[in-house]
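So the chains spell out like this:
Protein chains: 2
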Amino acid sequence: MHIVADNLTITNPAVADAIDRSDPEPIRDLVRRCERAGAGMIDINPGPLSKNPKEKMTFLVETVLRTTQLPLLLDTSNPKALEAGLTACGGNAVINGFSLEPDKLEFILPLARTFDTRIIGYLLYPNSNVPIEGAERLNVALELFTRFQEAGLDRDRLIIDPVIPPLIWQNGHIQAMDVIKVIRTLPDLLGYPVQTIAGISNLTSGPGDKTRKPVFEQSYTAMLAEAGLTMALVNVFHTGTVAAIRACTTLMSDEIFSWAETASTRDGKR
Amino acid sequence: MHIVADNLTITNPAVADAIDRSDPEPIRDLVRRCERAGAGMIDINPGPLSKNPKEKMTFLVETVLRTTQLPLLLDTSNPKALEAGLTACGGNAVINGFSLEPDKLEFILPLARTFDTRIIGYLLYPNSNVPIEGAERLNVALELFTRFQEAGLDRDRLIIDPVIPPLIWQNGHIQAMDVIKVIRTLPDLLGYPVQTIAGISNLTSGPGDKTRKPVFEQSYTAMLAEAGLTMALVNVFHTGTVAAIRACTTLMSDEIFSWAETASTRDGKR
Chain A
28 MHIVADNLTI TNPAVADAID RSDPEPIRDL VRRCERAGAG MIDINPGPLS KNPKEKMTFL
88 VETVLRTTQL PLLLDTSNPK ALEAGLTACG GNAVINGFSL EPDKLEFILP LARTFDTRII
148 GYLLYPNSNV PIEGAERLNV ALELFTRFQE AGLDRDRLII DPVIPPLIWQ NGHIQAMDVI
208 KVIRTLPDLL GYPVQTIAGI SNLTSGPGDK TRKPVFEQSY TAMLAEAGLT MALVNVFHTG
268 TVAAIRACTT LMSDEIFSWA ETASTRDGKR
Chain B
28 MHIVADNLTI TNPAVADAID RSDPEPIRDL VRRCERAGAG MIDINPGPLS KNPKEKMTFL
88 VETVLRTTQL PLLLDTSNPK ALEAGLTACG GNAVINGFSL EPDKLEFILP LARTFDTRII
148 GYLLYPNSNV PIEGAERLNV ALELFTRFQE AGLDRDRLII DPVIPPLIWQ NGHIQAMDVI
208 KVIRTLPDLL GYPVQTIAGI SNLTSGPGDK TRKPVFEQSY TAMLAEAGLT MALVNVFHTG
268 TVAAIRACTT LMSDEIFSWA ETASTRDGKR
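Chains as they are written, first to last, in my numbering: chain A, 28 to 297; chain B, 28 to 297.
Warning: the hint list may mix true and false statements.
Covered stretches of chain A (in silico footprint by chain B; criterion: 3 or more residues with CB under 8 Å from a CB of chain B, positions within the stretch not fixed) [what the hints assert, rightly or not]:
(1) 152-160
(2) 232-239
Below, a list of computed lysine-lysine pairs in the DSS-like style, where the Cα atoms sit at most 30 Å apart [to be verified]:
(3) K240(A) - K208(A)
(4) K240(A) - K208(B)
(5) K107(A) - K131(A)
(6) K240(B) - K237(A)
These stretches of chain B come out as covered by chain A in the derived footprint (C-beta under 8 Å, 3 or more residues) [said to hold, decoys possible]:
(7) 108-121
(8) 201-213
(9) 233-246
(10) 249-263
Since the hints were derived computationally from the structure, they do not count as laboratory data. Ideal Cβ positions, reconstructed from N, Cα and C, are used throughout, including at glycine.
This is chain A alone, in the form it adopts within the complex (with noise of 0.2 Å):
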């Protein structure tokens, strides 16, 4: 299971305030502390960027790209952003992501057979709302896995994201107990050893007891590698989090087990 960082969003107040200045170095420190601290991967997440969107997903994917050899994934509804990040690195990265929703469909699938890249499906509906039961999750992916190939794109560029939905919701941990069983029941649904990527800080985002977040992020987490998630996006900074991808990835690789930590069970591939 890959590591990658969600630290790296609009939705922190110094990422905000950096891309606001086009002031490379704290940026540059914080992809510096995630490669650290175990990423394998950066999501870049400037939000929608509704000011200048070309010119700061330049800077950010620019800034990134002279800090660290770790792939990227671009994450923002923006498609003149997205498409300003892509030709800055070459195309060499992860589109974040389409849905069912016109827009996507629209402007941003296209992006990924322009720049031959992969690309994050969301298992949303088209009115952007997330399915409730893990039946309907499987329709939206049949849904999506057709509109993905009519688009001309060869399978294995498709990462489906089944979206974790945070327990304050209502049965919200009914409904993420049903994406593990989504995320087992793919493979077999769209016939192929689909990728799957999700965001696992979803789960305890909200109000909630700080003491016991960790310990579900880190249970649930370890239930979704066994479910054979490939992706799992992460704030890096939650070593217990990272750790159990660690052990977890090492619990489920085809290598002879050692006490002793080997590179790829550090960066947590397999």
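Here the structure of chain A is known, so what remains is to put chain B in place on it, guided by the hints.
Same frame as chain A, now just chain B:
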């Protein structure tokens, strides 16, 4: 997932000494601490008790019964000790346990009928070896279930232990992941919601990295929970593992989620 304390064991020198001297106080102190730490059941494991099996087991069971209301498991391979222990508690305990080993089938399994108790069945070959592959474990489960039913016992009295291998065994981690699948498969294989138990301390037993063992134990426990394990036999002083079990129990509960702990989630009940 019920939390069963594995702490009252002959391998703890204080317990061995207390049994040797028939001194109830160290036993009572340990049981009280297990209950405070979150135990929902107590496994009494005095070893084979080659000397004075009846007296020693009677002493142990009476001592524990004077200390706690928690349900008991009687964990010895000595049929005389088991019979004495079951007599001392009026048959109000789980027998831990039998297997396809001829002595166990002949002398242990019938006690479950005599005392009308639940009994744990280990997935072991008749020669007491552990099956290596998941498919072998399932074959042993079918044979065990047949022998169990031939003994005239109701299927609700059976609790299957798939035997967690230590990670330091050859391919131990691969076998450990097979065990997860076995637990998930057993209800389909046997055609009813079969109860299961697993000794979680086994996973990290032996030499190893003490700083990494807890995260392996906790991550693996979450995987077992998601697979549907009924009872977790654990060292209840491993606070991280007990916290993980409680979090998993809450995630898998049908009750309304709240960040405030409830009595049922504290006890690891479903």
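> Which earlier hints turn out false for this structure, listed by number in ascending order?
Replying inline: 1, 7
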